[in-house]
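Given two chains presented individually in distinct reference frames, assemble the corresponding complex, making use of the accompanying hints.
Protein sequence lines correspond, in order, to chains H and Y.
108 is the number that the working numbering gives to position 108 of the first sequence; each next residue is one higher, with no gaps.
350 is the number that the working numbering gives to position 42 of the second sequence; each next residue is one higher, with no gaps.
These aren't lab readings, by the way, just hints derived from the structure by calculation.
Please read these numbers as outputs of a predicted model, since none were measured by experiment.
A couple of the hints might just be wrong.
[To be verified] Quick partial rundown of chain Y residues pointing at chain H, CB under 8 angstroms, derived from the structure:
| no. | residue |
| --- | --- |
| 1 | T523 |
| 2 | E525 |
| 3 | N526 |
| 4 | L528 |
| 5 | M530 |
| 6 | P531 |
| 7 | T685 |
| 8 | L686 |
| 9 | D687 |
[Stated by the list, open to error] Here are the simulated distance ranges between beta carbons:
| no. | chain 1 | residue 1 | chain 2 | residue 2 | range |
| --- | --- | --- | --- | --- | --- |
| 10 | Y | R683 | H | D93 | 21 to 27 angstroms |
| 11 | Y | R317 | H | G42 | 33 to 39 angstroms |
| 12 | Y | W320 | H | Q10 | 53 to 59 angstroms |
| 13 | H | Q111 | Y | Q491 | 52 to 58 angstroms |
| 14 | Y | E536 | H | V254 | 48 to 54 angstroms |
| 15 | Y | R561 | H | E73 | 56 to 62 angstroms |
| 16 | H | Q10 | Y | V539 | 35 to 41 angstroms |
| 17 | Y | E536 | H | P168 | 38 to 44 angstroms |
We put the beta carbon where it would ideally sit given N, CA and C, even for glycine.
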Amino acid sequence: MEGPPVIDVQGMTKRFGGRTVVNRIAMRVCEGQVYGFLGPNGSGKTTFIRMLCGLLRADGGSGTVLGRDVIRESAAIKRQVGYMTQRFSFYGDLTIEENLDFVARVYGVPQRVDAVRASLEHLGLHDRRSQLAGELSGGWKQRLALAACLLHKPRLLLLDEPTAGVDPKARRDFWDEIHELAAQGLTFLITTHYMDEAERCDRLAYISYGDLLVDGTVDEVIDTARLTTWSVEGGDALGLAPRLRRCAGVGQVVAFGKSLHVSGADAGALEGAIAPFRTPGYEWKRVRSGLEDVFIHLMESSTDNFSR
Amino acid sequence: MGGGIFSFRRLWAMIVKEFIQMARDRMTFAMILGIPVMQLLVFGFVINTDPRHMATAVLLADSGPHGRTLLEGLKNSTYFDFVKQVADEAEGRMLLTRGRVQFLVQIPENFSRDLLRGDRPAVLLEADASDPTATSGGISALGGILNTALLADFKGPLARLAQDPPPIEMRVHALYNPEAITQYNIVPGLMGVVLMMTLVLVTGLAITRETERGTMENLLSMPLRPIEVMVGKITPYIFVGYIQIGIILLAARFVFDVPVQGNLLLLLAASLFYIAANLAMGITFSTIAKNQLQAMQMSAFVFLPSILLSGYLFPFRGMPGWAQAVGEVLPITHFIRIARGVMLKGIGFGDLGFELWPIALFAVVVLFIGVARYRQTLD
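Isolated chain Y (complex conformation) (with noise of 0.2 angstroms):
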């Protein structure tokens, strides 16, 4: 009965028990039938290689009629969403160093003047190009819009302004990475991702380590605040993350010359609240989870919508409204727009506000959540 090579009954045992296993073991369950679901749906709606309705603001001096035909051309390209009429070019810079619009739009004082006098006045289209996937489709897409965008105005007497050469000129200025160099935007970007999986993976461990390991009931035995046993486990891998940022720096320079426009001491000083809520994170996973292995899928599941709903591999504004939000409340998000800011627009602190106080609001709750979470008791 027992001998054989291969035997059904022994296999179909070993098939029943991890069955069972696998149906007890809730988390991992979960993770099988999450990450398919989170996929599809990142995979599905999130990445957009020709991202439209990009933020745009506009600059209109012009008071005649046709910079506002230009407008409604630019707008029906579905390339370009007007946000924001800004008063002075000053503003509109502002939106763009902050990330708050893709392009900004300048349609000079006499535009309607000039453009019939047959002056060729010029537009300017001024871009956020530190991410070149995000404006590279509404730039190629403007040549078309501005041939056929006048047309509607050129009649009558007008149409000879139809004919070539174009009756406007039509200039870009692509900032901050005018070369559509992509390690430009990925390497800072890259920052993120590195202290985000390294931290909350290192410290998501801590806390389960102890109980797997027999300790914590020694060290529950003892006179420690949960606060005390929290910040205590996190503070040495703040070093660590520095560390990391150091190793990023340099290559960002040395290796892959990427240039660093803005304050690399403010760059670190914002660094610090990056690498707080990522510990934080870690560490109230480690409360939550029952073992180290539950605290590395739990780690895993935030990995997947930080890296793809970050900004960080697919333009932040090309994504569907619900996973921009999703975006905006993870830390690498703002963290990301930190890094580059700092790297290749060179933004200053008043810039940096914006992006800072959601990282450090995130830290709080997470930490809250997680002292709340930690068991004093063994109950």
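Chain H with its partners taken away, still in its complex shape (with noise of 0.2 angstroms):
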């Protein structure tokens, strides 16, 4: 059910003067696939996305984007990719319409004025288009930028944080349209930082301190971290949380309503150190470990190794 590979780059590293950013990165993205990719701030994800637009050079690596070489050819790779910045980037002083009309010519669509309608029609801001992008809220801020991404057909789109402040209404009308465009064969590679959205990802990789640590499928995901997490609830669950954080193999305890959720790498040191607190009034059961769990596992642990 895999298409051909759209992004397929081994070795993809960065420096900013003696530091690397992008560690020897290797990714594989499939046409139709949408890929989340995780990791927190400052961890090279955006870094990585401009390599691959050309929008900074790389430091080694090789591969194609589009079937063309990422580091010579990012000239004819740009005309085929749709990239959304972290931050706004389209002109404020434009109006919705102006900015979509300015894409529309440098990219030489053709029937540019049907287009730019159509992208108007679809956006539903057809009667707003003769206002300025600027005045715009962060969710249609977010619309328009997609829209114009779109404008001239691209066959990758490369978003960063996309949904980054917008409601959670606009959030899953954005990822409502992503699975119908990766339906049509788009490929989407999107950053995150949400945990639902990243569960709605065909295939996750997670970064940290310029290193890919995971990647595959959610349920992948969660299976290579081998992480085994326990629910307690009833009693004062909530406050065991002081007391468990201290106990020799238990990597995190998160709150979840009213239940805690006791996670550790070594299943059996887990469930040793839980043992004095299986009390009764307390009901302790085995549970799936979240992506959440397992990321959270994942910065800790690269941490350690990054301080070492």
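Next comes the structure, spelled out in structure tokens:
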């Protein structure tokens, strides 16, 4: 069911000064996939994406994007890629329509006037097309940016935290649209900090301090982490947290409503650590580790590696 | 500890912070040190309201000794430097029109013979008076020179010539601005200054603005070539430049009554080169500056030499050689010559080419630097 690879790169490396920001990252994304790219702030996600679309020169690495050489053919790649920047980077002093018109002209979109009108109608912004883009709310700015990125019918979309600061309803609509487009064969590489969004991706990669720590489907990512999680409810479950955190073998203790999730990398050590707390009144049960548990676990262990 | 209406500790914290920031902003620091040095040099050496050593052409038709004595006297006055011996009046006039020389001295045929006969031969001094300051010194010194220069020759039997009235007649033709009206000279120059200041500044901000507003990242991710971005950004300002020229020309005509001797269409065509040069300079600053403030500072850095070394305020030929050399590089120097030439002297296309190519060369070189400096990536 996998299509041909759209992004197929190896060893991508970027250094700023003496600091390696992206360290030999390999990535393979196939046609029609929605590929989630996760990692803490400053982990190198944006830098990696900028290298893919020729905005930054790579210090090392090879491979192809849309069949073009990622290092040498960035001009050709730019024409077929839509890149949505983390910060809104269209012109606040142009109207919605003028922004779209500018983009359409730059890419030489055929039947430009019709394409812009169709885009405005699809956005539901046709009536507000004369409004200055700078006056739009966060959610609308993000929809405008997506529409502008789609105007030249790219085959690959690189979206850098497209839903940061957008309300839940707008986020859901946004993701519905992404899946619709993916069904038509468009490929997406999306960075996000939201776990619900990560779970809507076909595949995920997790990057920390420039290193790719894990990639695969949601289930694969969870399985490879080999994390054991217990949930405890009842009694003063939340009150147990400080004491549990001090126990050897306990990695993280996170409150979810009235229950507490306790995870650890070593299942035996974790079971030993929680044994004293398994008293009547508390209901303990094994649960499947969540994506967030896995990521926080990955992040903490990579921090250890980094500081060592 | 923290109260009180004034605390030296808080003041000290502020002072330390400002010192660190000032030292770190190298550009501003360079300006603070560079501008006084530049002003000292310029005001100290360049401004010369009694300029001497003006380039002068000579038309010497006399074969006798007294014509040469007279020329020697003119030269010794230090107001006139003879740079060229011309064959006829047409050639001398051309040099004046093109601004190659400030004066043309004509000593007529049979000057020595007529002098000895007591016929009071006439010596003609033609001056390019479009800038009155440049010629007034030489013209006013003329009377004294005439009275003394020939005295050495008037000995023995010629002593009678040393008496009143003076044995020669001096005619002065102040060309192009005979009434020595300062506005005639300043208004065309002002056109160059206004265009430069506004156009350099406005395009200087063009690319840094994209960077500062965060739109650069988007622009770079699109398939645009540097030359497309740069030329695209400066083209609208060509129209702005022409609007400014229109305003200044209207003011020159109806407010200052500056006569227009030459062809205005020619001036408008030549202006395109000058506008392009300034826009190219601005956009190149924009590719070098890190932010809008730096771009403005860089612009201010060219304003000073452009105004002072271009011949706009002070006679170009009154400046020392190095200042003239710097001035020759600046487009404004050549444009001011064109504007004055067309408006005051009525020069034609043939005279214009000499001033046009330095402007065009400047524009091409500067734009080339800009394109080379334009960062195509975010590195």
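(message) Check the structure against each numbered hint from earlier and tell me which ones fail, lowest number first.
(response) The structure conflicts with no hint, since it agrees with every one listed earlier.
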